[in-house]
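Below are the chains, spelled out letter by letter.
Protein chains: 2
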Amino acid sequence: MNQSQQYPSTLLQKAVTEISRLPGIGSRTALRLALHLLKQDVVEVDALADSIKEMRHNIGYCKVCHNISDTDVCEICGNESRNKATVCVVENVRDVMAIEGTLQYKGVYHVLGGVISPMDGIGPADLQIDSLVERVNKGGIEEVILALSPTMEGDTTNFYIYRKLQDSGVKVTVIARGVAQNDELQYTDEVTLGRALAGRVPFKS
Amino acid sequence: MNQSQQYPSTLLQKAVTEISRLPGIGSRTALRLALHLLKQDVVEVDALADSIKEMRHNIGYCKVCHNISDTDVCEICGNESRNKATVCVVENVRDVMAIEGTLQYKGVYHVLGGVISPMDGIGPADLQIDSLVERVNKGGIEEVILALSPTMEGDTTNFYIYRKLQDSGVKVTVIARGVAQNDELQYTDEVTLGRALAGRVPFKS
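Chains as they are written, first to last, in the working numbering: chain G, 19 to 223; chain F, 19 to 223.
Among the hints, erroneous ones may be present.
Identical copies carry no separate label here, and so any pair may be met within one copy or between two of them.
Said to hold, decoys possible - Below, in silico cross-link-like pairs of lysine-lysine (DSBU-like), each with a Cα-Cα straight-line distance of 35 Å or less:
(1) Lys124 with Lys57
(2) Lys81 with Lys189
(3) Lys81 with Lys182
(4) Lys182 with Lys57
(5) Lys81 with Lys102
(6) Lys222 with Lys57
(7) Lys57 with Lys71
(8) Lys32 with Lys71
(9) Lys222 with Lys81
(10) Lys71 with Lys81
(11) Lys71 with Lys222
(12) Lys57 with Lys81
(13) Lys81 with Lys124
(14) Lys124 with Lys71
(15) Lys57 with Lys189
(16) Lys156 with Lys124
(17) Lys182 with Lys71
(18) Lys32 with Lys57
(19) Lys156 with Lys182
(20) Lys189 with Lys222
It should be emphasised that the hints constitute simulated quantities derived from the structure, not laboratory data.
Could you build all of it, start to finish, from the sequences and the hints given here?
Here it is in structure tokens:
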């Protein structure tokens with residue numbers, strides 16, 4: 019199938035164009051999805067389209083941690099048994115879900131909505147950083163755990179937040195970096211391996 | 019991320035569930051797409067959802083060849099310069115687009131809408147086979163080219179159509195099978211290679 023492809027219908031073409039705007043979906047996949055939708059019941063296609071519109075129009079965010087939430091204060095922030103003195107800073111809701119999936123964390127979150135990335139035009143003001151500083155200054159928080167992606171953008175954001183919080187008296191920690199569980203050492207990249215060596219800890223049996 | 023994942027919002031969860039019904043899209047990808055959509059302008063998200071609904075509600079089919087079309091008779095069937103005596107039988111619109119992409123074919127098409135596949139509950143009555151026979155019986159057609167996928171379902175459908183047309187006097191041909199251009203012989207599967215040997219033709223320089 020070549021680029022100069024003529025679609026036999028402008029309705030089909032419009033849908034394919036819109037679907038292929040989604041990240042990671044090219045025009046071939048978009049056509050496959052559009053043809054799949056044409057074979058489905060009208061009710062099912064409407065359910066898909068409506069669920070997307072409804073989500074976009076009516077989604078809400080927790081006013082405390084800025085995670086996606088149907089209520090003013092999300093379930094985690096509203097949970098009496100969570101430790102409100104520990105705040106884990108993450109990029110987005112997927113990271114919250116990943117950390118919740120470990121069943122290891124009993125504190126609360128602060129969702130930045132991204133990381134500082136000048137290349138993508140995302141600066142500190144586009145993120146929930148001021149609201150984090152405000153939240154810390156209100157008191158009651160003992161530790162802020164930085165759990166951003168181990169990338170240059172994540173590191174930049176970590177450093178920016180650290181600078182903003184260093185005079186607040188709160189303990190700022192960052193999640194451990196090292197070799198991943200079950201990764202083979204020979205295939206671990208040099209930066210990770212170098213950091214794992216430099217960050218070695220006493221052996222505990 | 020594990021299976022027992024709790025989404026922080028039912029709106030998000032509903033959209034993810036709907037998106038993950040699409041073929042080849044799992045719940046992880048669906049979540050990524052949903053979060054992408056949440057970051058887009060409302061106008062853009064509405065454009066996507068509306069284009070899908072509009073396509074599903076208003077799509078039409080050519081009454082001659084049953085290809086997707088915005089008009090009663092599609093552009094190919096309505097084109098004076100196409101040879102109406104040669105009809106190429108294909109499974110769906112993607113195959114029409116692929117053959118049109120070769121710029122080698124000047125005849126017209128007949129789109130079956132699928133192939134006979136008892137496993138998927140698709141029988142001859144679910145396809146545009148009767149309308150093909152009717153079209154041939156009306157006269158004016160000299161050759162029917164079977165261009166279905168070289169699979170068991172395609173072969174079954176080829177045979178079924180051949181049987182239906184064998185008394186009509188029309189010439190029934192099937193597209194050539196053999197080794198694909200630029201494929202390395204050593205990696206060609208045995209069935210294809212065996213058929214290519216059996217179907218050898220005189221060398222022309």
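Hint by hint, here is what the structure shows:
In this assembly of identical chains, lysine 124 and lysine 57 lie within 35 Å of each other by CA distance solely across copies; the values are 28 Å between and 46 Å within a copy. For the identical chains of this complex, lysine 81 and lysine 189 are intra-copy neighbours only, at 23 Å inside a copy versus 72 Å across copies, given an alpha-carbon limit of 35 Å. In this homomeric assembly, lysine 81 and lysine 182 come within 35 Å of each other (Cα to Cα) only inside a single copy, at 21 Å, whereas the closest approach across copies is 68 Å. Taking identical chains as interchangeable, the C-alpha atoms of lysine 182 and lysine 57 lie at most 35 Å apart only when they sit on different chains, with a minimum of 26 Å there against 55 Å within one chain.
When the C-alpha separation of lysine 81 and lysine 102 is checked against a cutoff of 35 Å, the pair qualifies only within one copy, where the shortest distance is 15 Å, while the shortest distance between copies is 66 Å. Taking identical chains as interchangeable, the C-alpha atoms of lysine 222 and lysine 57 are never at most 35 Å apart, the minima being 60 Å within one chain and 45 Å between chains. With identical chains, the CA atoms of lysine 57 and lysine 71 are at most 35 Å apart both within one copy (22 Å) and between copies (13 Å). Taking the shortest Cα distances, lysine 32 and lysine 71 sit within 35 Å of each other both inside one copy (17 Å) and across copies (11 Å).
In the homo-oligomer, the alpha carbons of lysine 222 and lysine 81 never lie at most 35 Å apart, since the shortest distance is 41 Å inside one protomer and 76 Å across protomers. When the C-alpha separation of lysine 71 and lysine 81 is checked against a cutoff of 35 Å, the pair qualifies both within a copy, at 23 Å, and between copies, at 34 Å. When the C-alpha separation of lysine 71 and lysine 222 is checked against a cutoff of 35 Å, the pair qualifies neither within a copy, at 53 Å, nor between copies, at 60 Å. Proximity of lysine 57 to lysine 81 under the C-alpha cut-off of 35 Å is restricted to the inter-copy arrangement: shortest distance 18 Å between copies versus 42 Å within a copy.
Taking the shortest alpha-carbon separations for lysine 81 and lysine 124, only the intra-copy value of 19 Å comes in at or below 35 Å, while the best inter-copy value is 63 Å. Proximity of lysine 124 to lysine 71 under the C-alpha cut-off of 35 Å is restricted to the intra-copy arrangement: shortest distance 34 Å within a copy versus 43 Å between copies. When the C-alpha separation of lysine 57 and lysine 189 is checked against a cutoff of 35 Å, the pair qualifies only between copies, where the shortest distance is 32 Å, while the shortest distance within a copy is 57 Å. When the C-alpha separation of lysine 156 and lysine 124 is checked against a cutoff of 35 Å, the pair qualifies only within one copy, where the shortest distance is 21 Å, while the shortest distance between copies is 75 Å.
For the homomeric pair lysine 182 and lysine 71, neither the shortest alpha-carbon distance inside one copy (37 Å) nor that between copies (48 Å) is at most 35 Å. Taking the shortest alpha-carbon separations for lysine 32 and lysine 57, both the intra-copy value of 17 Å and the inter-copy value of 21 Å come in at or below 35 Å. When the C-alpha separation of lysine 156 and lysine 182 is checked against a cutoff of 35 Å, the pair qualifies only within one copy, where the shortest distance is 14 Å, while the shortest distance between copies is 81 Å. In this homomeric assembly, lysine 189 and lysine 222 come within 35 Å of each other (Cα to Cα) only inside a single copy, at 25 Å, whereas the closest approach across copies is 81 Å.
Checked against the numbered hints given earlier, this structure breaks hints 6, 9, 11, 17; the rest are met.
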